[in-house]
Amino acid sequence: MSAKFIVGYDGSEASRRALDFAVGRVKLQGGTIVLVHVLEWSPYSFLSASELEERHKRRREEMERAETALVMPVLEKVRAEGVDVESKIRYGHIAETICKIAEEMGAVQIVIGRNGHTRLGSRIFGSVAGHLAQAAPVPCTIVP
Amino acid sequence: MTRNGIPAACAALAAFVAMLVSAVPAQAQSIDETVNQIFANATGWFVNFIFASIPGTSIAWIVLWLVVAASVFTIYFGFIQFRVIGHSLALVSGKYSDPDDAGEVSHFQALATALSGTVGLGNIAGVAVAVSIGGAGATFWMILAGLLGMASKFTECTLGVKYRNEYPDGRVSGGPMYYLTKGFAERGLPGGKFLAVMFSIFCVLGALGGGNMFQANQAHQQLAGVFGDYPGWITGVIFAGIVFAVIVGGIKSIARVTEKVVPFMGILYVGAALVIILMNLDMVGTAFGQIIDGAFTGNGIVGGMVGALIQGFRRAAFSNEAGVGSAAIAHSAVRTKEPITEGFVSLLEPFIDTVVICTMTALVIIITGQLVTDPATGLYVINEAGQVTTATGATGVGLTSAAFESTFSWFPYVLVVAVVLFAFSTMLSWSYYGLKAWTFMFGEGQAQELTFKVIFCIFIVIGAAASLGPVIDFSDAAIFAMAVVNIAGLYFLMPIVKRELDSYLRRLASGEIKRFK
Chain A
793 MSAKFIVGYD
803 GSEASRRALD
813 FAVGRVKLQG
823 GTIVLVHVLE
833 WSPYSFLSAS
843 ELEERHKRRR
853 EEMERAETAL
863 VMPVLEKVRA
873 EGVDVESKIR
883 YGHIAETICK
893 IAEEMGAVQI
903 VIGRNGHTRL
913 GSRIFGSVAG
923 HLAQAAPVPC
933 TIVP
Chain B
1115 MTRNGIPAAC
1125 AALAAFVAML
1135 VSAVPAQAQS
1145 IDETVNQIFA
1155 NATGWFVNFI
1165 FASIPGTSIA
1175 WIVLWLVVAA
1185 SVFTIYFGFI
1195 QFRVIGHSLA
1205 LVSGKYSDPD
1215 DAGEVSHFQA
1225 LATALSGTVG
1235 LGNIAGVAVA
1245 VSIGGAGATF
1255 WMILAGLLGM
1265 ASKFTECTLG
1275 VKYRNEYPDG
1285 RVSGGPMYYL
1295 TKGFAERGLP
1305 GGKFLAVMFS
1315 IFCVLGALGG
1325 GNMFQANQAH
1335 QQLAGVFGDY
1345 PGWITGVIFA
1355 GIVFAVIVGG
1365 IKSIARVTEK
1375 VVPFMGILYV
1385 GAALVIILMN
1395 LDMVGTAFGQ
1405 IIDGAFTGNG
1415 IVGGMVGALI
1425 QGFRRAAFSN
1435 EAGVGSAAIA
1445 HSAVRTKEPI
1455 TEGFVSLLEP
1465 FIDTVVICTM
1475 TALVIIITGQ
1485 LVTDPATGLY
1495 VINEAGQVTT
1505 ATGATGVGLT
1515 SAAFESTFSW
1525 FPYVLVVAVV
1535 LFAFSTMLSW
1545 SYYGLKAWTF
1555 MFGEGQAQEL
1565 TFKVIFCIFI
1575 VIGAAASLGP
1585 VIDFSDAAIF
1595 AMAVVNIAGL
1605 YFLMPIVKRE
1615 LDSYLRRLAS
1625 GEIKRFK
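Chains as they are written, first to last, in the working numbering: chain A, 793 to 936; chain B, 1115 to 1631.
So here's chain A without its partners, still in its complex pose:
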C-alpha cells in the first residue's frame, strides 16, 4: 500500500498551491493523492419547509456540480503528470471531515492551503488551517 496524501481542495488559489505541493512530494517519494472536497454542512441548521422538500434533489445537484466542475478537471490534470490520484466529496464540517477521512484511509499526511485571513476574520469565522493544525490525526502541512 502506497503512502496517501490527503489534499483539501475547494478550487481556491490556496488549495491549488497545496495540491501542487503534494504532487511535488509524491513525485519525489512516491505514493498517491486523495483529493478531498468538503461541502460545508451542519445537520443543525434551519431550513424552510420548501427547502426541506428539495434538499435531496439539491444535494444530488451539488454533488454532481462539485464532481464535474471542480474535481474532475483537476484529477485529469494530476493524472496527466503521472501521479496516482483519487477523490472524495463529502458533506460536513470541513476540518472535522478531513480529519475523519485521513483516519479512515490511514493517510500519512494532510496538505491544505491557507487563505491568509486577517486575525479578526479567523477569530470570528474560525479557520480550517488553524483547526487542522490543532486536531489533525496525522502530520499536517499548511501551504501558504
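Be a bit skeptical, because a hint or two may be false.
Just a sample of chain B residues kept apart from chain A, beta carbon distances all over 12 Å, derived [what the hints assert, rightly or not]: (1) GLU1218; (2) LEU1229; (3) TYR1281; (4) ASP1283; (5) GLY1342; (6) THR1400.
DMTMM-like mimics (lysine to aspartate or glutamate), calculated; alpha carbons at most 25 Å apart, straight line [said to hold, decoys possible]: (7) B:LYS1296 / B:ASP1616; (8) B:LYS1374 / A:GLU843; (9) B:LYS1366 / B:GLU1563; (10) B:LYS1296 / B:GLU1614; (11) A:LYS819 / A:GLU853; (12) B:LYS1307 / B:GLU1563; (13) A:LYS869 / A:GLU846; (14) B:LYS1628 / A:GLU895; (15) B:LYS1209 / A:GLU873; (16) B:LYS1296 / A:GLU846; (17) B:LYS1374 / B:ASP1616; (18) B:LYS1366 / A:GLU856; (19) B:LYS1374 / A:GLU873; (20) B:LYS1366 / A:GLU873; (21) B:LYS1209 / B:GLU1452; (22) B:LYS1451 / B:ASP1214; (23) B:LYS1628 / B:GLU1373; (24) A:LYS869 / A:GLU853; (25) B:LYS1451 / A:GLU846; (26) B:LYS1628 / B:ASP1214; (27) B:LYS1567 / A:GLU846; (28) A:LYS892 / B:ASP1214; (29) A:LYS892 / B:GLU1558; (30) A:LYS849 / B:GLU1147; (31) B:LYS1366 / B:ASP1343; (32) B:LYS1451 / A:GLU856.
It is worth saying that the hints were derived from the structure and are not from the lab. From the three backbone atoms N, C-alpha and C, an ideal C-beta is built for every residue, glycine too.
Following the hints, put chain B in place on chain A, whose structure we already have.
Then chain B, alone, in the frame of chain A:
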C-alpha cells in the same frame, strides 16, 4: 384532479377585489368594519357547526373528539410519549444518523422547521385567550392536552414519512393527503381518497385561517399598540407585500433572515419568562395551586370546570397542532430508513410547544396578577363579555404583554418584534402546508401554485382588518376541521404504526439498529 377550481377561484378573487376597491372611497375605518362584517357572515355557519355542543351538554363535540383520540393513541401505543423520550433526544442529536447521509435533511432540521410553524402566537396570544376565558385552570387542561397530544403527533408523523411521495427528481412530499390515500389503499379500505380531499380542503382553510389571518390580526394589534391605532388593512397590505415577495418572488434573503432570528426570539421569550418565574419563585406554588384548583372548580369562570377544560384543550390543539396533520407535512422530508424514528422525534414538539412554552406564558400571566379575583370570595371577576377581568383590561397578546411589562418595562417592544416575526414565520410555514394541500387537489403546476399564493396574500389583508372574535373562531374551526378528517383516518391506520413500532423497538433492543456516535 380537476382544473375547474382555478377559474372559479380566480372569479371569487376578482369579486373580492372589486368589493374591496368599491369600499375604498369610504372612510378607512369602515373598510375594516365592512371586511369584518362580510367575513363574520360568511363563516358563521361553519364555526357554529364545528363548535356545536353535544345535545344536552355544554361540551363541544370537537373538543371531546380531540381528547378521546389523544387518549386512545396514548393507550394503544402504551404511553409511548413517556417511554421513548431518551431515544428521541438521541435521534435529534444525530447519534443514530448515518454519516454517509450528511447533507440530507436531518431529524433536527425536520423538527426545527415543524416547530417554527407551531411555536408562535399560539404560545403568546393563545394562552392569554385561554386563561382570560377559562381562568388559571385552563392551564392544567392545556398541559394535559399537550402530553396526550404527543401520542397523536407520533402517529401522524410516522405515517407522514412512511407514505410520502418521492419524485424522480429527488423532491419529497408528504402529509395526511398521501397517507390517507396510500395507507387506506394498502389496507384495502375504501374512502381514503375522499378523506384526503376533505383534509386538503380544510388544510387550505386552516392555512388561510390560523396560519394566516389570526397571525396577521395579532401582529396588527401589536403594531397598533406601539404606533397608535390605525386601520388594520394597512398592516395587512404591508405584510401581504412581504409574504408575496418571499413565496411568489422567491426572495430567499427575507426567509433566511427570519429563520435565523426566529429561534433567537424564541430563546429570548422563554428566557424572559424563566427570569420572571425565578424572580417570583415563592409564588410558583400558589400559581400551581390556582391552576389545579381552577381546573376542577373553574373558580367562578363562565362554564365552570368544563369551561376551563374546553379552553385548555382548544388552545393547546391550536398551539401544538397535534392530531391536526399539519406537522406530518413538515416532518415527512427527513432522510431516514425508519419512518418510526421521525415519529419519536415529532413527539417532542407538543412537549416543547405546550408543556414547556405555553405553561411558562400562563405562569407569567398568573404570577404577575393579571387575572383579577374578588378578594372576598376568591373567585374571578367576570366582565360583560363573560371573560375574566384583567388588571389592565387587555386580552390576547395584550394580556401577555402586560404581564411581562409588569416586570420588564421594555418587554412590550421585544414582544412586538417577536410577535411580528413569529407571525411571519408561521405564515410562511402554513403557506407551504396550504400549497401542498392545494396542489394535491388541483395538480402540480405554476398556475395552480400562483393562484393559491395570491389568495393567501389577500387573506392576510382580511385577517389584519377583521376583529379578533370572528378571526379566531374561524381559525380554530378550520384547524379543528382538519383534525376531524385526519384523526378519523389515523384510527384506521394506527395498526400500521403499531407494527412499525414493535419491529423497531425489537431491533433496537437486539442491537440491530446501530448507533453511529
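Taking the hints in turn, this is what the structure says about them:
no.	hint	verdict
1	GLU1218	violated, 6 Å
2	LEU1229	violated, 10 Å
3	TYR1281	violated, 8 Å
4	ASP1283	violated, 6 Å
5	GLY1342	holds, 34 Å
6	THR1400	holds, 38 Å
7	B:LYS1296 / B:ASP1616	holds, 21 Å
8	B:LYS1374 / A:GLU843	holds, 14 Å
9	B:LYS1366 / B:GLU1563	holds, 17 Å
10	B:LYS1296 / B:GLU1614	holds, 16 Å
11	A:LYS819 / A:GLU853	violated, 34 Å
12	B:LYS1307 / B:GLU1563	holds, 21 Å
13	A:LYS869 / A:GLU846	violated, 34 Å
14	B:LYS1628 / A:GLU895	holds, 21 Å
15	B:LYS1209 / A:GLU873	violated, 43 Å
16	B:LYS1296 / A:GLU846	holds, 22 Å
17	B:LYS1374 / B:ASP1616	violated, 38 Å
18	B:LYS1366 / A:GLU856	holds, 23 Å
19	B:LYS1374 / A:GLU873	violated, 47 Å
20	B:LYS1366 / A:GLU873	violated, 44 Å
21	B:LYS1209 / B:GLU1452	holds, 14 Å
22	B:LYS1451 / B:ASP1214	holds, 13 Å
23	B:LYS1628 / B:GLU1373	violated, 32 Å
24	A:LYS869 / A:GLU853	holds, 24 Å
25	B:LYS1451 / A:GLU846	holds, 18 Å
26	B:LYS1628 / B:ASP1214	holds, 14 Å
27	B:LYS1567 / A:GLU846	holds, 19 Å
28	A:LYS892 / B:ASP1214	holds, 12 Å
29	A:LYS892 / B:GLU1558	violated, 42 Å
30	A:LYS849 / B:GLU1147	violated, 47 Å
31	B:LYS1366 / B:ASP1343	violated, 32 Å
32	B:LYS1451 / A:GLU856	holds, 23 Å
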